[in-house]
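Peer 1: Heads up: the protein sequence lines correspond to chains A and B, in order.
The numbering used here numbers the first residue of the first sequence as 1 and each following residue consecutively.
The numbering used here numbers the first residue of the second sequence as 1 and each following residue consecutively.
If you're looking for bench data, these hints aren't it; they were derived computationally from the structure.
Since we're looking at a predicted model, the values are computed, not measured.
Note that the Cβ used here is the ideal one computed from N, Cα and C, for glycine as well.
The reader is advised that the hints may include incorrect statements.
Said to hold, decoys possible - Taking lysine-lysine and the DSSO-like style, the derived pairs with C-alpha atoms no more than 27 Å apart in a straight line are: (1) A:K236 x A:K346; (2) A:K197 x A:K210; (3) B:K182 x A:K56; (4) A:K70 x B:K31; (5) A:K56 x A:K236; (6) A:K203 x A:K127; (7) B:K79 x B:K7; (8) A:K236 x A:K210; (9) A:K236 x B:K182; (10) B:K7 x A:K80; (11) A:K182 x A:K127; (12) A:K182 x A:K197; (13) B:K7 x B:K74; (14) A:K346 x A:K197; (15) B:K74 x A:K72.
Unchecked claim - Distance ranges between label pairs, derived from CB positions: (16) B:A250 x A:P214: 18 to 26 Å; (17) A:G286 x B:A250: 39 to 47 Å; (18) A:M120 x B:T161: 41 to 49 Å; (19) B:G203 x A:A90: 33 to 41 Å; (20) B:K79 x A:N289: 21 to 29 Å; (21) B:W102 x A:G34: 21 to 29 Å.
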Amino acid sequence: MTPRGIQIISGPDFNMFLEAIMAVQTVIGPRERGDQPGYYLFSRLQRAEDFAPGYKTTTLPPKKILASPKEKLFSFTFDKPPRLRLHVDASPFVLLGVHPCDLAGIDALDHAYAHPPAEMRWSANRKRATIIGLDCQPDAYCFCSSVGTDAARIPCDLFLTPIDHGYLAEIHSDRGRQLLQKANTSNAGEEELAAAKRWRQQKVERIRAKFDAPLERIADILETGGLTPTWKETAKRCYSCGSCNTACPTCFCFDMIDELDPDLRGGTRYRTWDSCQLLDFAMVAGGHNFRGERWQRVRHRWQRKFLYLFRQFGRPYCTGCGRCSRACTVDINIVDVTNQLIAAAKMEG
Amino acid sequence: MMPFARKPRVAFFDFACCEGCQLSILELDEKLFDLLAHVEVVAWREVMSEISEEYDIAFCEGSITRQQDIERIKTIRDKAEIVVSLGTCASISCHNALKNKWAMNELLALVYSEYGEHIDTIPARPIADVVNVDYQILGCPVSLPEFETVFKRILTRQAYTPSNQPVCVECKRNDILCVHEKGMVCLGPVTRCGCNAICTAFGDACRGCRGLIDDANLEAPVRALFGEKLHPIMAEVARNNRLTGKEIIARFSLYNNTGRVGKGEESSDGTA
Ligand code: SF4
Ligand code: SF4
Ligand code: SF4
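Take the sequences, apply the hints, and build the full model.
Peer 2: Quick look at the structure:
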């Protein structure tokens with residue numbers, strides 16, 4: 001996406017920019033975990049120094065800010081008629097340091113949630129957020145270039161690429177332009193533009209994990225079926241623990257729970273994250289489970305990401321972020337398994 | 001909303017256990033008063049000396065480990081409208097069932113030598129193996145938020161089933177860094193959640209105190225640890241812990257010695 005303007009901002013100016021935003025709005029971004037150096041999470045930044053621009057990845061994607069793992073929906077009473085009170089939070093915030101894959105993840109959810117019946121809560125939360133993207137360098141799990149998200153910019157307002165002594169800031173919306181007015185910036189020259197280009201080139205060159213076939217072909221393979229031995233072999237190692245889904249920026253399945261007030265006269269309804277890998281996920285009334293076998297659930301994850309939603313929305317529901325592979329403690333790596341499927345499909349002819 | 005005709009009378013009873021679940025409930029502090037406002041407590045050894053023989057809701061801690069326990073729990077069942085097995089000892093036998101690896105006479109000789117013959121002991125069993133149980137609460141000790149939820153469900157006559165999701169789900173919901181990343185061995189992927197991942201939240205590994213999820217894949221870690229291709233995380237875990245198959249089984253059998261929740265299975269041989 002072509003930016004509407006490009007500026008540069010020096011490191012010290014950037015910190016002042018952050019402090020200026022923090023004075024009026026909450027800023028949420030990647031910061032190092034207190035309990036384990038070298039690991040990061042999205043969380044509220046109190047000071048400019050909390051921002052960890054060099055972070056590789058976070059356990060959870062920024063989705064956790066826009067669709068919280070346990071989201072308060074409304075409170076209710078048992079009066080006649082019952083009284084309902086919608087829980088809304090309209091306070092604006094800045095979501096800082098979102099990598100292209102995670103921008104693509106937010107965009108994927110924008111499409112899924114806009115699909116009728118539209119999900120109001122997501123769009124309300126999205127309106128609260130000003131998003132500042134940040135370019136990155138891959139680790140061994142990243143495979144964004146295989147799913148076309150390595151240069152994603154939608155839906156950010158500003159996008160930063162690290163250059164010597166600061167950032168190159170692309171403006172992608174009016175909101176972004178307005179926000180950047182808080183900063184000391186200067187026009188980008190040839191040299192800075194070239195530096196940012198080098199950064200992007202290096203990034204793509206450094207990506208090691210790759211799918212062995214284009215997405216269309218993968219969808220066809222999944223549609224044709226078969227491949228049962230690969231699914232079953234993978235399932236032998238799978239715990240069905242759901243970490244792959246719950247760490248994924250595009251998964252949106254949920255459960256509902258009601259918690260009663262201590263006086264038992266009312267309560268609160270929450271929406272919590274769920275996962276199709278869990279045994280009870282596809283259990284229906286009467287006790288029938290239409291994905292009761294572990295391998296069927298493993299298969300479902302791939303079909304969902306690379307077939308059903310791919311056909312429905314014209315994009316894979318995978319951003320190449322690699323979080324599912326990192327989260328899996330038993331080495332079920334999404335790229336390896338996909339490539340095994342591609343190889344198995346060749347064999348099956 | 002109060003579907004009981006009168007304030008239900010609540011009693012706490014203990015079988016073989018440390019009484020830690022009863023004790024930890026006291027840590028609900030002021031919330032405890034909110035909950036107790038709906039009931040009349042008639043027996044609770046940790047808190048009061050009076051004991052009444054009339055009650056509607058019986059919270060029973062501990063495992064059945066003696067012949068006389070069987071009679072006692074049957075009496076409780078006859079009197080109470082609602083029986084709750086409170087905690088892992090009551091619900092899946094916990095450490096008590098470690099003794100089930102031995103024949104009882106061998107065990108008695110081992111522990112008490114010639115005095116053993118005077119001691120009444122039988123293989124440890126969860127309460128649900130002896131009488132019908134209406135609610136099960138897991139945990140060693142029980143998790144306070146879950147206890148609160150179950151208490152409110154009982155009072156409003158709603159069912160409660162312990163979660164069948166693994167602890168990993170709650171780690172993710174709370175954005176807790178997986179302890180595998182620190183080279184620890186975690187039983188979370190096969191252990192029922194409901195504790196809100198309290199151990200991993202404080203940097204410790206899950207020890208499996210809430211029992212196995214249905215369909216737990218116990219083959220998976222063994223494959224990951226001893227398979228040809230080691231996952232980097234698992235390699236780290238293996239390096240730090242130098243685990244053998246026997247040690248893995250020992251870890252599993254700290255809590256998981258009898259059948260699974262809700263299945264009312266007979267005591268097994270102790271290897272989960
Ligand atoms: S994280 Fe790994 S073990 Fe857990 S459900 Fe996903 S693939 Fe299976
Ligand atoms: S499927 Fe895995 S790699 Fe793809 S978006 Fe989800 S977590 Fe990231
Ligand atoms: S710490 Fe344990 S319970 Fe949590 S995600 Fe890791 S393996 Fe699962």
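Peer 1: Sort out which numbered hints this structure fails and list those numbers smallest first.
Peer 2: The structure conflicts with hints 5, 6, 14, 15, 16, 18, 20, 21, although it agrees with all the remaining ones.
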